[in-house]
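Chains A and B, in that order, are what the protein sequence lines are. When the letters of the first sequence are read in order and numbered with this note's numbering, they come out as residues 1 to 104. When the letters of the second sequence are read in order and numbered with this note's numbering, they come out as residues 1 to 248.
Heads up, some of the hints might be wrong.
Pairs of lysine to any residue, SDA-like flavour, derived with a Cα cap of 20 Å [what the hints assert, rightly or not]:
no., chain 1, residue 1, chain 2, residue 2
1, A, K75, B, I189
2, A, K75, B, V188
3, A, K79, B, D120
4, B, K142, A, I23
If the Cβ cut is set under 8 Å, some of the chain B residues that face chain A in the computed set are [claimed, not checked]:
no., residue
5, A5
6, L129
7, H186
8, A214
9, L226
10, A227
11, I230
Ranges of calculated distance between the beta carbons of each label pair, as one might list FRET restraints [what the hints assert, rightly or not]:
no., chain 1, residue 1, chain 2, residue 2, range
12, B, A127, A, T99, 38 to 48 Å
13, A, A21, B, R164, 43 to 53 Å
14, A, E78, B, Q122, 14 to 24 Å
15, A, M86, B, A9, 54 to 64 Å
Source of the hints: derived by calculation from the structure; they are not laboratory data. The C-beta atom is built at its ideal place from N, Cα and C for all residues, glycine as well.
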Amino acid sequence: MSNTSTRRVFTAAMLATAVTAAISASAVTSSSPAAAAEKEKCFGVAMAGKNDCAAGAGTTCAGTSKVDFQGNSWKYVEKGTCTSMMIDGGRKGSLEPLTRDLPA
Amino acid sequence: MQAEARFAAGLLDPSAPVPEQVRDQAPRRYAVYRNNVTVGLVKALEANFPAVRRLLGEAYFAGLARAFAQRHPPESPLLFHYGAAFPAYLAAQDDLSGFPYLADVARVEQGWRRAYHAADVQVLEAADLALAADRLMTLRFKPHPATFVLASSYAVHAILSANRGGDGVVADPARPQAVLITRPAHDVIVTALPAEQHAFLAALIDGAQLAEAAERGFAAGESFDLAGTIRLMVEAGVFQSLITQDGT
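Chain A on its own, in the form it takes in the complex (with noise of 0.2 Å):
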């Protein structure tokens, strides 16, 4: 086989062919990073230890909550859920950070 016939050339047809494959199945997956953006800070739903922002030193945020379920550290979670979901002793999540659950 010869190199030029190994060589593709590309037209403007085959390129339009692929990027229209790829936007019509990425509209179907739905995993558009304007879904995945829609999450929300919620306070007071974090198990200890397990708050967001721990990313490496001087991130004062660091997994550092000392408590379950801690009133003024946050978890990102999917938007709309945060103070309608189920927590241990009836507690609620919170947009605002809570005053409940601080450490000793």
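With chain A's structure known, arrange chain B on it following the hints.
Positioned in the frame of chain A, the structure of chain B alone reads:
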């Protein structure tokens, strides 16, 4: 030498004399502070390179991190950036020749951290591509600030995931693997890339036109899935926007 420079000069070297302007009770306190500075930098490296630490073991890593910290003062007050020179430092250690993949694992951990702290920027949407259907061949893309790619001679993606929460076991570390890191929203995404996908995306990130990048993908492997890779690139948020003809 300025007073601050004299004060700082001995901070990273336990054998250096206490600066002469430190008087009375202060020499002992200076020693405490000197110790805290090094410990703080070692802790920063531990937090920033968890997989490297797990691969080497805590004790060995701590010694290595201390030696690195004494030679590399931080260049930024932001400690989550600390360790930019650490991958190259690892690569230069003769004692670590049994861990040939270590420097690349450290580079990927650094890429992960940069992605986490990168600016929140809108990502390229599928609709942006649809609107540019008349000039696909020459399309160029502006990378998202979180985007990172690396092609390694070792299975860096497998090694990283096994040592950041996994069981630490990697069946075959000595196989080439490329990795893509993006952050389309709040969460950092780490994706293993076949060689063809890496060739295509790396070309686009370097500013190549779409047609040329596609040629590179097929040159790397006849099985290159162009449509699938374009879909991946949109969903993972590799790019923030198209570069228009006037170069912006």
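Evaluated hints:
no. : hint                          : result
1   : K75/A with I189/B             : holds (18 Å)
2   : K75/A with V188/B             : holds (15 Å)
3   : K79/A with D120/B             : holds (18 Å)
4   : K142/B with I23/A             : holds (19 Å)
5   : A5                            : violated (24 Å)
6   : L129                          : holds (6 Å)
7   : H186                          : holds (5 Å)
8   : A214                          : holds (6 Å)
9   : L226                          : holds (4 Å)
10  : A227                          : holds (4 Å)
11  : I230                          : holds (4 Å)
12  : A127/B with T99/A: 38 to 48 Å : holds (44 Å)
13  : A21/A with R164/B: 43 to 53 Å : violated (34 Å)
14  : E78/A with Q122/B: 14 to 24 Å : holds (20 Å)
15  : M86/A with A9/B: 54 to 64 Å   : holds (58 Å)
This entry does not satisfy hints 5, 13, going by the numbered hints stated previously.
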